[in-house]
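Please work from the sequences and hints to get the whole structure.
Here's the letter readout for the chains.
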Amino acid sequence: MDATNGNGGASKYITLVSKDGFEFVVLREATLCSDYIRGMLRNNMTEARTGRCELQDINGVILEKVVEYFHYWYKYRDREDVPDMEIPVENCLELVVAADYLGMDNVKNHESTLPHLGLRSSTCVMAVVPRGVFVNRTLL
Amino acid sequence: MEVDEPTLPSLPVPDELPAFTTNIPGVRKRSRGYYAPPPPSPGMSSSSDPAYFSSDDDPALDNYLQGRRKRRYVGSWFDQVPASSDSVMGDDADPGPSSNPRHKRHLKRQPDSGVWVGQDAATDTDGDIDLPPLAARLPLPLPVVKRMPKLSSEEQRAQNVVLACVDDGREDVDLSQMGLASIADSVLEPLAGLTPIPVVEKDVPFVPRDPSLKIFLGNNQLSRFPSALLDLQHLTVLSLRNNKLAELPPVIAKLKNLTTLNIANNRLRHLPGELIDLMESAIGFHTLNIHPNPFFQPKDRRYFLDDDLIQHKYEYRTRGSGIHGFLVDRDRGENFTLYTTALRARTPVQFSNNAGHVLSKFIFPEKTQRLTDSSKQLETEDFGSLAIPQTVKQHLGSLGDSKRSFQPKGPSSLLATAMRVAARSKDAESLPDLLRSDGCPSHLANPLERAIVVDKMGGQHCTVCKRETLCPVTEWIEFREIRSTTVEKTTSAEGTTKARIRHRNISGREDEAWVPFLRRGCSWACTPNVLDSSDVTPHTML
Chain A
214 MDATNGNGGA SKYITLVSKD GFEFVVLREA TLCSDYIRGM LRNNMTEART
264 GRCELQDING VILEKVVEYF HYWYKYRDRE DVPDMEIPVE NCLELVVAAD
314 YLGMDNVKNH ESTLPHLGLR SSTCVMAVVP RGVFVNRTLL
Chain B
31 MEVDEPTLPS LPVPDELPAF TTNIPGVRKR SRGYYAPPPP SPGMSSSSDP
81 AYFSSDDDPA LDNYLQGRRK RRYVGSWFDQ VPASSDSVMG DDADPGPSSN
131 PRHKRHLKRQ PDSGVWVGQD AATDTDGDID LPPLAARLPL PLPVVKRMPK
181 LSSEEQRAQN VVLACVDDGR EDVDLSQMGL ASIADSVLEP LAGLTPIPVV
231 EKDVPFVPRD PSLKIFLGNN QLSRFPSALL DLQHLTVLSL RNNKLAELPP
281 VIAKLKNLTT LNIANNRLRH LPGELIDLME SAIGFHTLNI HPNPFFQPKD
331 RRYFLDDDLI QHKYEYRTRG SGIHGFLVDR DRGENFTLYT TALRARTPVQ
381 FSNNAGHVLS KFIFPEKTQR LTDSSKQLET EDFGSLAIPQ TVKQHLGSLG
431 DSKRSFQPKG PSSLLATAMR VAARSKDAES LPDLLRSDGC PSHLANPLER
481 AIVVDKMGGQ HCTVCKRETL CPVTEWIEFR EIRSTTVEKT TSAEGTTKAR
531 IRHRNISGRE DEAWVPFLRR GCSWACTPNV LDSSDVTPHT ML
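Residue numbers (the working numbering), protein chains in the order written: chain A, 214 to 353; chain B, 31 to 572.
Please note: incorrect hints may appear among the correct ones.
Pairs of lysine-lysine, DSSO-like flavour, derived with a Cα cap of 27 Å [unchecked claim]:
| id | chain 1 | residue 1 | chain 2 | residue 2 |
| --- | --- | --- | --- | --- |
| 1 | B | K274 | B | K329 |
| 2 | B | K496 | A | K288 |
| 3 | B | K496 | B | K343 |
| 4 | A | K288 | B | K343 |
| 5 | B | K423 | B | K391 |
| 6 | B | K397 | B | K274 |
Which bits of chain B does chain A cover? Going by a derived footprint, with three or more residues having C-beta under 8 Å, they are [to be verified]:
| id | segment |
| --- | --- |
| 7 | 208–220 |
| 8 | 383–392 |
| 9 | 440–448 |
| 10 | 470–480 |
Source of the hints: derived by calculation from the structure; they are not laboratory data.
Note that the structure is a prediction, hence the values are computed from the model and not measured.
From the three backbone atoms N, C-alpha and C, an ideal C-beta is built for every residue, glycine too.
As structure tokens, then:
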């Protein structure tokens, strides 16, 4: 079942591509804390073979933070007394939405496990709350 | 002299030369008539002093022998036209007093200066200046002024009482029966600065003392615990009797000086688990009134722990040292009475995710739901077992080595971290509405709103790992009996200390004896301790 065990020939790393074309190369194991990406990397999916996941709804700035979390999680997953990850205030709402979309809750709830639902909600938020607008609203 | 003017290049004569001597009726202007330069004065010509003004750097000054005639220029420094006969322009530049009729003043922008300057033909009449229309202001947003909450008339009366107490140094603040539906933080905040009148007696040195505030808020309509009270470190007596409180904030444990707490006759369904710590650790805590309240009750009373040791085994995870730690370590004198609790039953654990979606079969009644006698009754679970929902198990399985990633105090999820930052941000109140707007994942709005409320009330901490958690993922209720415990220490002749402990149940009625305390965890690993089945024996209550 596990993506890493399932295809032995696959690379240890996968590439995440943001909406605006930024690419992040991440350890495959570190992305396991996201339900969404874990689902993408199942054996029979294209992404599992190519090791390239395109996240059409997440822009580069947010994805960078998400990738930072992947590594944070990977580093600390076996530890106790973990310090909290720093998140800038201006990105917090977008990260809430992105975390929900990527299933980086403890576990996804049932209704939004359906990928299309997640996709739709996420797309719209990214459109409704573009970065600049949000910065103004929160910081001013 | 004409030869000695190398600094001024020849300039074209402007079409309009400004008038010097235009006489405007009514405006007295010093006229500078065109006149011949005065002959050099004998005194000046004989001067042998070198020129020493810094402005006299004209090379012509090297031959400075006789009095120099003043040069005259027309125009400002950037638009200079020599106007006198001794300049390079000669007599052509002579404007003549009458040759320049008064003309309209033009303003033009000097691109390098950034200043609007008129030509120097300035007369003092500004009536007919052609100013271009003002450019529209930049569309800056209006500064957001935080609306101060308007105080209701009841709150204003309360504020008067509070201010009077602060002025007089009175420590009894009686705000009962004022019809308060809510109380703004600004009303209670002045109490933090209250300075009591110190005891002045003969032969007693003057020592300022800490106030021991007594606040009476009984018989009001409060539906939320006033969060300003949590900052009053010197609060000793707090009465919230006969209000509409639905929940006590966990941070109430911060009030270490509390001796009396009256929360009878409210709408409380459970007490915060932190209250146990407060009762046992606050030094002088002596009175607690919690009944009547619509508390949750256990459905059956089969499982309970009557053995103190087993109880400590259960509690070492959540509490550290149990009551015995207190009895031995605490220096409270020979005899003392304190409140202790005895665990009687526990509900199953409600597992949810950070977004507030419940995954377990066991689920607490909604806060808005009206409780009936049957819905008030909660299931209980054997202390030797812990029901973990299938989804949770699956999730842990998919992470690989489940034991390793299933630890308390591990990394909190990205959603929880981002939510916490969002709830603490300056503009937090507007965020849930943003999420609710069209097309957004609105299922996140309610959890975020809850987190904001929790953060406002001082936050809450995981029972097991003591980390701050605004969106707990495990919750359970422990039913406990509250006892008043008297300890009498006797020291025998051999020097050993014996403590005699007597428990007395404080609630008389049996159906009120078990009081629910809410516990919570920040991760799925933060759950109540599971005892060995050999330690747990089912009891039947008669």
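Verification of the hints:
no. : hint               : in the structure
1   : B/K274 with B/K329 : holds (25 Å)
2   : B/K496 with A/K288 : holds (22 Å)
3   : B/K496 with B/K343 : holds (19 Å)
4   : A/K288 with B/K343 : violated (33 Å)
5   : B/K423 with B/K391 : holds (14 Å)
6   : B/K397 with B/K274 : holds (13 Å)
7   : 208–220            : violated (count 0)
8   : 383–392            : holds (count 5)
9   : 440–448            : holds (count 9)
10  : 470–480            : holds (count 5)
In summary, the structure is inconsistent with hints 4, 7 from the numbered list given earlier, while agreeing with the others.
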